Amino acid sequence: AQSVTQLGSHVSVSEGALVLLRCNYSSSVPPYLFWYVQYPNQGLQLLLKYTSAATLVKGINGFEAEFKKSETSFHLTKPSAHMSDAAEYFCAVSDRGTGFQKLVFGTGTRLLVSP
Amino acid sequence: SQTIHQWPATLVQPVGSPLSLECTVEGTSNPNLYWYRQAAGRGLQLLFYSVGIGQISSEVPQNLSASRPQDRQFILSSKKLLLSDSGFYLCAWRRNEQFFGPGTRLTVL
Chain D
1 AQSVTQLGSH
11 VSVSEGALVL
21 LRCNYSSSVP
31 PYLFWYVQYP
41 NQGLQLLLKY
51 TSAATLVKGI
61 NGFEAEFKKS
71 ETSFHLTKPS
81 AHMSDAAEYF
91 CAVSDRGTGF
101 QKLVFGTGTR
111 LLVSP
Chain V
1 SQTIHQWPAT
11 LVQPVGSPLS
21 LECTVEGTSN
31 PNLYWYRQAA
41 GRGLQLLFYS
51 VGIGQISSEV
61 PQNLSASRPQ
71 DRQFILSSKK
81 LLLSDSGFYL
91 CAWRRNEQFF
101 GPGTRLTVL
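Residue numbers (the numbering used here), protein chains in the order written: chain D, 1 to 115; chain V, 1 to 109.
With the rest of the complex left out, here is chain D (with noise of 0.2 angstroms):
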């Protein structure tokens, strides 16, 4: 079965300062993978997603992830932190194909930026 693993439950960072959100995933072949972003008391939106084309996924506002197939890992990275990017970030995991999708997400990671 696929799973998830979001390290920290909550990373801390300076305004300015590189943001790493860290996932690994558990699939027996390679998956698709998502990150969504969830500010409080809202839907998730979609940063990004990669499906097998480059490894290196540019999203939106400012967010990439490098798909790392020897590392299981897509983390998440930012160079420069703003303070409208605290919000709560999932990463999540899917099969392969265009029929019916199940996402299993990981338990997030919220992102504190401080001035």
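Derived from the structure by calculation, the hints contain no laboratory data.
Any given hint might turn out to be false.
Just some of the chain D residues that point at chain V, by a computed CB distance under 7 angstroms [as the list claims (entries may be wrong)]:
| # | residue |
| --- | --- |
| 1 | Gly43 |
| 2 | Leu44 |
| 3 | Lys49 |
| 4 | Gln101 |
| 5 | Phe105 |
| 6 | Gly106 |
| 7 | Thr107 |
| 8 | Gly108 |
| 9 | Leu112 |
Since the structure is predicted, the reported quantities are computational estimates derived from the model, not experimental observations.
In this text, a Cβ means the ideal position worked out from N, Cα and C, and glycines have one as well.
Mind docking chain V on chain D? Use the hints.
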């Protein structure tokens, strides 16, 4: 463009009362639809999904049920709420990836 609506936005209900949460999608047809629950301090748990009208699959046994009476309408229900049903309920639909609605905050007292 496609939009997804959920209502109500917030709900406070007593234990043992019924529940009905509604989700509708506009701008697409025959979408895959999903209900998730997000409990405090936990990730998202898939509750139900539907690939078509009247077709509901349950991921976990629980106090809730789902129905899809129309192509773009997905309803989450309960006959008697439990305290453990409190949480943030999210509806989603899928094209190439899943798009989420704004959610419903349910508090059971």
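Q. Close enough to count: is the Cβ of Gly106 (chain D) nearer than 7 angstroms to one in chain V?
A. With Cβ-Cβ at 6 angstroms, under 7 angstroms, it holds.
Q) Are Phe105 (chain D) and chain V close enough, Cβ to Cβ, to be under 7 angstroms, as the hint says? A) holds (4 angstroms)
**Q.** Hint check, Gly43 (chain D) versus chain V [nearest Cβ-Cβ separation less than 7 angstroms]
**A.** Result: holds, 4 angstroms to nearest chain V Cβ.
Q: Closer than 7 angstroms between Cβ atoms is the bar; does Lys49 (chain D) clear it against chain V? Give me holds or violated.
A: It holds, given that the least Cβ distance between Lys49 (chain D) and chain V is near 6 angstroms, below 7 angstroms.
Q. At a threshold of 7 angstroms, is the proposed contact between Leu112 (chain D) and chain V supported by beta-carbon distances?
A. violated (15 angstroms)
(Q) Min Cβ distance, Leu44 (chain D) to chain V: is it shorter than 7 angstroms? (A) holds (4 angstroms)
**Q.** chain V contact restraint for Gly108 (chain D) - C-beta distance below 7 angstroms
**A.** holds (5 angstroms)
Q.
Under 7 angstroms is the threshold here; is the Cβ of Gln101 (chain D) close enough to any Cβ of chain V for the hint to stand?
A. holds (6 angstroms)
Q: Could you check if Thr107 (chain D) really has its C-beta closer than 7 angstroms to a C-beta on chain V?
A: Holds, because the Cβ-Cβ distance from Thr107 (chain D) to chain V comes to roughly 4 angstroms (cut-off 7 angstroms).
Of the numbered hints given earlier, the model fails hint 9 alone.
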